[in-house]
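Next come the chains, spelled out residue by residue.
There are 2 protein chains.
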Amino acid sequence: MILIDGKKYRDELLEEYKKKVEDLSISLAIIQVGNNEASNLYITNKIKYSSQVGINVEYFNLDTEDEKEVEELINQLNENDNITGIILQSPTPNMNYDRLAEMIDSKKDVDGFTKENIYKLYMKEEAIIPCTVKGIIKLLDHYNIPISGSNICIIGRGNIVGKPLALALTNRDATVTLCHSKTKKLKDITKKADIIISAVGKPNMITEDMVKKDFVGIDVGINKVNGKTVGDFDFENIKDKASYITPVPGGVGPMTIAMIIDNLIEMAEKN
Amino acid sequence: MILIDGKKYRDELLEEYKKKVEDLSISLAIIQVGNNEASNLYITNKIKYSSQVGINVEYFNLDTEDEKEVEELINQLNENDNITGIILQSPTPNMNYDRLAEMIDSKKDVDGFTKENIYKLYMKEEAIIPCTVKGIIKLLDHYNIPISGSNICIIGRGNIVGKPLALALTNRDATVTLCHSKTKKLKDITKKADIIISAVGKPNMITEDMVKKDFVGIDVGINKVNGKTVGDFDFENIKDKASYITPVPGGVGPMTIAMIIDNLIEMAEKN
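In order, the protein sequences belong to chains A and B. Residue numbering for the first sequence follows the numbering used here, starting at 1 and increasing by one per position. Residue numbering for the second sequence follows the numbering used here, starting at 1 and increasing by one per position.
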């Protein structure tokens, strides 16, 4: 069993990014509305890693319930040639997040969730790929785990991970089964899968009897159990059946934030 | 084994549509560029069935290689309140079909292929559903074949059938495996499937050893073999293992054209 070390790979990538950013001029705008605790933490990390590689971060914390103010800021940032990418941190209390996020220029859409980028992903055109999806694919590639021709079971059909991941992996010639809460005989499906990717958010969701020998396990779940962070896998009991497996924490998580920077560099290189 | 009779159901639907159209005023604009043989036949059928239920059809056959002319016509039709829906018949010789089709107002996009409608399908919002996809789902519902909780194997990942069908059936709580030319161990997957939907275009692609007893077979393939139209199924040899199965011709095909009318009625009712 080989442990997929997302933290180590992230740090290697950050070193690479630092060199690339030297030759580019990259500014990331982060918009936060209100003062959500979890958002504060996410934003602190986004600022930390972006700054670390030399990206300039402009942070806007709006204490407002007026959507117009957010709209105006997004429009200004869209038109500002000095801004490479924009993140509207979710949630935006008392505002329609989806509508506001959709206003971000697709060329500055670091998260890859705008209509334009999702449609490009669907059409297999060059798109800004959502960060967690891109992070998972980078990890698989880094460990030389074949995607093309693999039978991949994704559990969780959300718009942030499951659905875009299914499209992206199908584009890479994997055969994807997209499972979810209404799936019957989940075990029959996971047991046949070369790669199992769980993005549910339920501890011990994937147990030893559900996986085949030498499967690859990618755990996107983040759950708190007795103050400890765990994923969706019953890790201790399934790890020895795996050929490769991500730990939680330290697997997919660190990659997601690195992919924000990856997307920003991609955007800067295009312009 | 029950034969899924798409022709009979189409005719029933056309009777229903006729009554509905009486209370609405529906105009369909069809744009053809050049004189492709196959297109001529498709258009003849679209005009025939639309007229039959009382829909007014405006047919524009442009003998041009100037994309601007097509653009201008689409813009005019978009702005014309008397036009309910627009079809740009593919192909458009020497022109960028995708770019032109994308210019159609998403509210008049009968085929459901514009960015706006695909994105809505992805987001599980109310969308104009592509006609073949909608036709298959209507057939399953008509024969009371459960979609929610079923394991469905789709073969073919095209933008017209496979991919939008995977999204639509996932939205309906099916567990979908999207297979294609790079899929390994296809038989292992089809043998587990409650419903097999083939949209490949290869005769005898699905054989008796690949299906389980009482499977449901939906054949979207249209192939010519010795002058005879056949689907992707080795129909004679698999039909007795099926609980329900579509013939080719007479299964999915007739539904597709009916769904053009279904989409037009939906559009007219919304406005």
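Hints should not be assumed to be uniformly reliable.
Since the list gives no way to pick one copy over another, a pair counts as held whenever it fits inside one copy or between any two copies.
As the list claims (entries may be wrong) - Heads up, simulated BS3-like pairs for lysine-lysine below, C-alpha to C-alpha not over 27 Å straight-line:
hint	residue 1	residue 2
1	K228	K107
2	K185	K138
3	K19	K68
4	K124	K185
5	K120	K7
6	K191	K212
7	K270	K202
Just so you know, these hints were derived from the structure itself, not from any lab.
Outcome of the hint check:
Taking the shortest alpha-carbon separations for K228 and K107, neither the intra-copy value of 38 Å nor the inter-copy value of 49 Å comes in at or below 27 Å. Proximity of K185 and K138 under a CA criterion of 27 Å is satisfied inter-copy only: 25 Å between copies versus 30 Å inside one chain copy. In this assembly of identical chains, K19 and K68 lie within 27 Å of each other by CA distance neither inside one copy nor across copies; the values are 39 Å within and 46 Å between. Proximity of K124 to K185 under the C-alpha cut-off of 27 Å is restricted to the inter-copy arrangement: shortest distance 24 Å between copies versus 31 Å within a copy.
Within a single copy, K120 and K7 get their C-alpha atoms no closer than 30 Å, and across copies no closer than 36 Å, so neither meets the 27 Å cut-off. Taking the closest pair of Cα atoms, K191 and K212 come within 27 Å of each other both inside a single copy (5 Å) and across two copies (19 Å). In this homomeric assembly, K270 and K202 never come within 27 Å of each other (Cα to Cα): the closest approach is 39 Å inside a single copy and 40 Å across copies.
Against the hints set out earlier in the document, violations occur for numbers 1, 3, 5 and 7.
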